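Peer 1: From first to last, the protein sequence lines stand for chains S and G.
Using the numbering used here, the first residue of the first sequence is number 1, and each one after it goes up by one.
Using the numbering used here, the first residue of the second sequence is number 1, and each one after it goes up by one.
Quick caveat, the hints were computed from the structure, so don't treat them as lab data.
Small disclaimer: the values here were computed from a predicted structure and weren't measured.
Don't take every hint at face value.
Said to hold, decoys possible - EDC-like mimics (lysine to aspartate or glutamate), calculated; alpha carbons at most 16 Å apart, straight line:
(1) Lys46/G x Asp103/G
(2) Lys145/G x Glu737/S
(3) Lys145/G x Glu733/S
(4) Lys256/S x Glu393/S
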Amino acid sequence: MDHGSTTTRGTQTARLIGVAGLLGIGLGGFLARARAPLFPDILDLSGPDPVRAAATRGVALAAAALLVLAAGPVTRLAPGAFIAGAAAGVASALLDSTDGGLLVSVAPPWVAAGPWLILATVAAALSRRQLASATASRAARPRLTLEGGASAMARSSTEPAHWALSGGVLIASSGVALGLEGLSRLALRLGLATRGEDILLTAVLAAVLALGGVVFGRATSRPGDHRCAALLLGAGVLGVAALALAGGIAEPLGFKALCARIHADASLAGTPRVGAFVALVVLVLPALAAGTAVHVARRPTTLAAMLLGAALGVAAAPGLLEVAPVEWARGEDAAGSAGLVRLGALIAGLGALLHAALHPGAGRLGLIGASVGVVLGSALLPVSPIPVLDPWERFPVQPIALFETPDGQFSVVPTGAARRRVTLDQRALSPRSRELSGEAARLRASIEAAGDEPVRRLLLVGLLTPERAQLLAALGVTHVDRTAGWWRSMPLVESVLGPSGVALTGEVLSPTEARRRASRGDHDLVLAVGTGATGPLPPSLGLRVGGGSTPVIAWRPASRPAAHLPWPDVLVRSTDGLLHHSFAWTDGEVGVRPMPSGPIGDLSWWRWLQVRPDSRAREATGQADARIASSRYATPMDRGLALHALAQTQSSPFESAVARIELEDAALDEWREAAVGNPALTRFERGVIEGAVRVLVERRLIPELLRFTLPIAEAHPGWPALELALVRADLEELNPEAALARLAVLIRAPATRAGAQPEADRGEERLRTGDRETALLLAATLLELGRPGDAAAALALVAEARPGDLEVGLRRADALVAADDPRGRELAARLFAEHPGHPELFGLAQGMRGMTTLNPDPGPGDQR
Amino acid sequence: MNVLLRPAAALALCGLGAAMAHPVPDALRGLLDGSDGGVLGEVVEKEVRVFAAPDGGELFFTTVRVHGTDLATGATETVLVTFPGGFISETRGAHSSTAPPADATRVGRRVLMFHRHVEDIAAGFSGDVLVSGSGGLFQWFTSRKGEVIVQGGGPGSGIERNLRVADLRADVRRRLEREDEGR
Numbered sequence: 001m002d003h004g005s006t007t008t009r010g011t012q013t014a015r016l017i018g019v020a021g022l023l024g025i026g027l028g029g030f031l032a033r034a035r036a037p038l039f040p041d042i043l044d045l046s047g048p049d050p051v052r053a054a055a056t057r058g059v060a061l062a063a064a065a066l067l068v069l070a071a072g073p074v075t076r077l078a079p080g081a082f083i084a085g086a087a088a089g090v091a092s093a094l095l096d097s098t099d100g101g102l103l104v105s106v107a108p109p110w111v112a113a114g115p116w117l118i119l120a121t122v123a124a125a126l127s128r129r130q131l132a133s134a135t136a137s138r139a140a141r142p143r144l145t146l147e148g149g150a151s152a153m154a155r156s157s158t159e160p161a162h163w164a165l166s167g168g169v170l171i172a173s174s175g176v177a178l179g180l181e182g183l184s185r186l187a188l189r190l191g192l193a194t195r196g197e198d199i200l201l202t203a204v205l206a207a208v209l210a211l212g213g214v215v216f217g218r219a220t221s222r223p224g225d226h227r228c229a230a231l232l233l234g235a236g237v238l239g240v241a242a243l244a245l246a247g248g249i250a251e252p253l254g255f256k257a258l259c260a261r262i263h264a265d266a267s268l269a270g271t272p273r274v275g276a277f278v279a280l281v282v283l284v285l286p287a288l289a290a291g292t293a294v295h296v297a298r299r300p301t302t303l304a305a306m307l308l309g310a311a312l313g314v315a316a317a318p319g320l321l322e323v324a325p326v327e328w329a330r331g332e333d334a335a336g337s338a339g340l341v342r343l344g345a346l347i348a349g350l351g352a353l354l355h356a357a358l359h360p361g362a363g364r365l366g367l368i369g370a371s372v373g374v375v376l377g378s379a380l381l382p383v384s385p386i387p388v389l390d391p392w393e394r395f396p397v398q399p400i401a402l403f404e405t406p407d408g409q410f411s412v413v414p415t416g417a418a419r420r421r422v423t424l425d426q427r428a429l430s431p432r433s434r435e436l437s438g439e440a441a442r443l444r445a446s447i448e449a450a451g452d453e454p455v456r457r458l459l460l461v462g463l464l465t466p467e468r469a470q471l472l473a474a475l476g477v478t479h480v481d482r483t484a485g486w487w488r489s490m491p492l493v494e495s496v497l498g499p500s501g502v503a504l505t506g507e508v509l510s511p512t513e514a515r516r517r518a519s520r521g522d523h524d525l526v527l528a529v530g531t532g533a534t535g536p537l538p539p540s541l542g543l544r545v546g547g548g549s550t551p552v553i554a555w556r557p558a559s560r561p562a563a564h565l566p567w568p569d570v571l572v573r574s575t576d577g578l579l580h581h582s583f584a585w586t587d588g589e590v591g592v593r594p595m596p597s598g599p600i601g602d603l604s605w606w607r608w609l610q611v612r613p614d615s616r617a618r619e620a621t622g623q624a625d626a627r628i629a630s631s632r633y634a635t636p637m638d639r640g641l642a643l644h645a646l647a648q649t650q651s652s653p654f655e656s657a658v659a660r661i662e663l664e665d666a667a668l669d670e671w672r673e674a675a676v677g678n679p680a681l682t683r684f685e686r687g688v689i690e691g692a693v694r695v696l697v698e699r700r701l702i703p704e705l706l707r708f709t710l711p712i713a714e715a716h717p718g719w720p721a722l723e724l725a726l727v728r729a730d731l732e733e734l735n736p737e738a739a740l741a742r743l744a745v746l747i748r749a750p751a752t753r754a755g756a757q758p759e760a761d762r763g764e765e766r767l768r769t770g771d772r773e774t775a776l777l778l779a780a781t782l783l784e785l786g787r788p789g790d791a792a793a794a795l796a797l798v799a800e801a802r803p804g805d806l807e808v809g810l811r812r813a814d815a816l817v818a819a820d821d822p823r824g825r826e827l828a829a830r831l832f833a834e835h836p837g838h839p840e841l842f843g844l845a846q847g848m849r850g851m852t853t854l855n856p857d858p859g860p861g862d863q864r
Numbered sequence: 001m002n003v004l005l006r007p008a009a010a011l012a013l014c015g016l017g018a019a020m021a022h023p024v025p026d027a028l029r030g031l032l033d034g035s036d037g038g039v040l041g042e043v044v045e046k047e048v049r050v051f052a053a054p055d056g057g058e059l060f061f062t063t064v065r066v067h068g069t070d071l072a073t074g075a076t077e078t079v080l081v082t083f084p085g086g087f088i089s090e091t092r093g094a095h096s097s098t099a100p101p102a103d104a105t106r107v108g109r110r111v112l113m114f115h116r117h118v119e120d121i122a123a124g125f126s127g128d129v130l131v132s133g134s135g136g137l138f139q140w141f142t143s144r145k146g147e148v149i150v151q152g153g154g155p156g157s158g159i160e161r162n163l164r165v166a167d168l169r170a171d172v173r174r175r176l177e178r179e180d181e182g183r
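Throw the hints in and build the complete structure from the sequences for me.
Peer 2: Here it is in structure tokens:
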């Protein structure tokens, strides 16, 4: 045995494995990060345009194909190392910063993907060199009989390219890619469809591809294109089988059963454990077959054909989703992602058929038969859309509308009274009813922060809901152009939401057109609302639009971390109390207070995915508050917010939103000091104080409420929210006289003259304009004082301004019944007709107060 | 047509409901009947315990130590009151829809808890449980006038409206005496 030659051969093989691994890592890393848009700005905050994103991924796959060709037959010599390296490269994206990294503040995709492309290029060059060296070495020792390794290199390097013969593989691969694309879209919707989950899903797909290649590819190690085409055909068919699995998981019971298999529960949807398992179950069958196909492809031309086919499939997916050719031919409605999987199987069948036609040899007839069967079966197979409706929700809500476009799956679900909420692939595009006050605070803060000039023409990055339109119109905006990554579906979504009832002009624009108009100075403000945002926040690279003359405000979604990001000099903050507290980036020309700039840490997707989804908003807000409090500009208010954020914990889902808020004495002390010592509080600071007061009132912590509120009310006399809180404290202390005296300051109404009608002064006007809370408190106070007639009179004033307000009507009927006024029963009967099933109204219609149930066998609390 | 039908239907419903309505005992009496007593005091300790469930899972219960006075007699006492749910770590535990809000039972909170002894709460563990879920829990405070006021829970609750504790105690005593006389 020639020990020296064996050593050389071993070294060469090891080097080849290393080079193949490096090539795989480079390509995997590049493909995972090659995303659109290449140069993001604020208009991309809502996420990329899906058509552009697909084209970008297609171009990246095509570039990978070229590199594989350039690298020579190294993928044939060490296919396992290549595939495993690719999987590792893809998985490395999980370690990326949640918004791009520290080096370039927020890295655009080309910066993130560039080094990996360079690595792949260097690996390809090394591969060429190594192969040449191995060939030379073999030529110098012609007596050696080499098995595999270098001998294979030489063989392969002399073989002719098989481009013409790889056409079938290319087409079949595009079909498989389409199928995997359709399944991935479904799998992503079975989580929260965050950017982190997208990367996780890609990593799982790459890992399964590698596993298939290494395990099954080795077992079927005889290279041959027939086998490759057959495996691709199998991947297409298994994709259809996986569709059935995805359909089962999309059902709430199926999803919960799946979670139980890994000792998780549905509340963990969106975490790595559940996300990876869902992706694994949905993708495992076709991905194993496709991975095996990659392994047995070996010949660089075949592998490049597969990558090119995948590029075509991925790039064409949005268009095919829209056209839905199979459904069109069958005269059916489009089946969305499910239809894409079926189409993928059909195309894979056609590709395998072409391959069999081009390649004579053993197994040809079998492949033809199988391909024809798959083509016919796919064309005839009935496939329905698979709707995914938050299977983790405890009480699934039936959607008003559900449709899939190339932009994703839109669902419109009812929320609150007569309102609709829109989600795109589980990401909220509009707020829930309970988030509306936070939304209003953000819009108001945006308009106020934009400067002294009134904002009339607005470019909104996000969905213009009827509520947003009403709020903006109330703030003086007259023209709203809208844009988002999903702008193609925007007119349809807006039509489902219905008219806003306000006369706003404006149109839906593509991001390109919006960018052009904003650069031209067509808008007074560019406003990104933040909800539904998936794109990176680009403070230094593209926060300005065009020449930068138009002010920009970009709200950060509460559930996304921000403390690690570079912050602008000026940060806009808003709050609706302590429930929702959010902040926005500006372009430095708008805003309310200076903040320190520069990043202070880093956070990877992997780490962020570990945070429970229902804790993410709390965690992100806490981190941001802690960062603000650590700055040299921090005020007692900021320190209080940081203490408050620190005190928040996981709360029971059975508790109300306010009950979930933890109040710390130390935070209250800081806020009280800040408020007492500052005569000119900002709107944000007033919002925090009012939020704390609201929590104390709802918790009915009276001594704490008085300790907190009284000093602030003395320092800021006439602050209505505080005065009303103190009225409640008086009532809790069984002192309605004091409550009435305090109310009299706010409304000079029946308080001054017992039994008299409200006077036509400012107080009466206050009630006439519909100050609901004051009126309800006044009525409660008067009832306590035994003056139900006066209570009813006060409520009548508010009822004129708020004719549809059930609570006002109910309390007025109650006061009238208490006053023995027959109009009370009439009013209650009328309201009961509008709200059948309301026990208190039912009782009042009979002249009975305090009825709590219509059950014929009521509990002890019922007053019957 | 609609204008006439809707009120008519409403009145018919009202009539039907009224015919079906039955007089019932008052809520405080129900609460007293279902409990061994009420303790008016402060939460001084809170602990979560875990038990093995018969089906192999885990059952979590929270026990609070309330130091205060007996509602009826005014005698000083310390009572351990248990209710379902709670967490022993960040991730290990369970929420219960019948448990009172966590903040309402945190250490230092002023509570009035109606409790009842149960021999086997879980896995042989016996003790006093909170009556009627969170319906057996009330808050109290001392007003600026120095009066101790128990905060009512609104319509349907065992104590509907705010009451001075002296009045509530007198009412409870009266009811208990009447009950004793009835026996």
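Peer 1: Does Lys46/G pair with Asp103/G here, judged by a C-alpha cut-off of 16 Å?
Peer 2: Holds, because 12 Å separates the two Cα atoms, which is no more than 16 Å.
Peer 1: Run the distance test for Lys145/G versus Glu733/S: straight-line Cα separation, threshold 16 Å.
Peer 2: Holds, at about 9 Å.
Peer 1: Between Lys256/S and Glu393/S, does the CA-CA distance stay at or below 16 Å?
Peer 2: Within the cut-off at roughly 10 Å; holds.
Peer 1: Take the C-alpha atoms of Lys145/G and Glu737/S, compute the straight-line distance between them, and say whether it is at most 16 Å.
Peer 2: holds, 14 Å
Of the numbered hints listed earlier, not one is contradicted by the structure.
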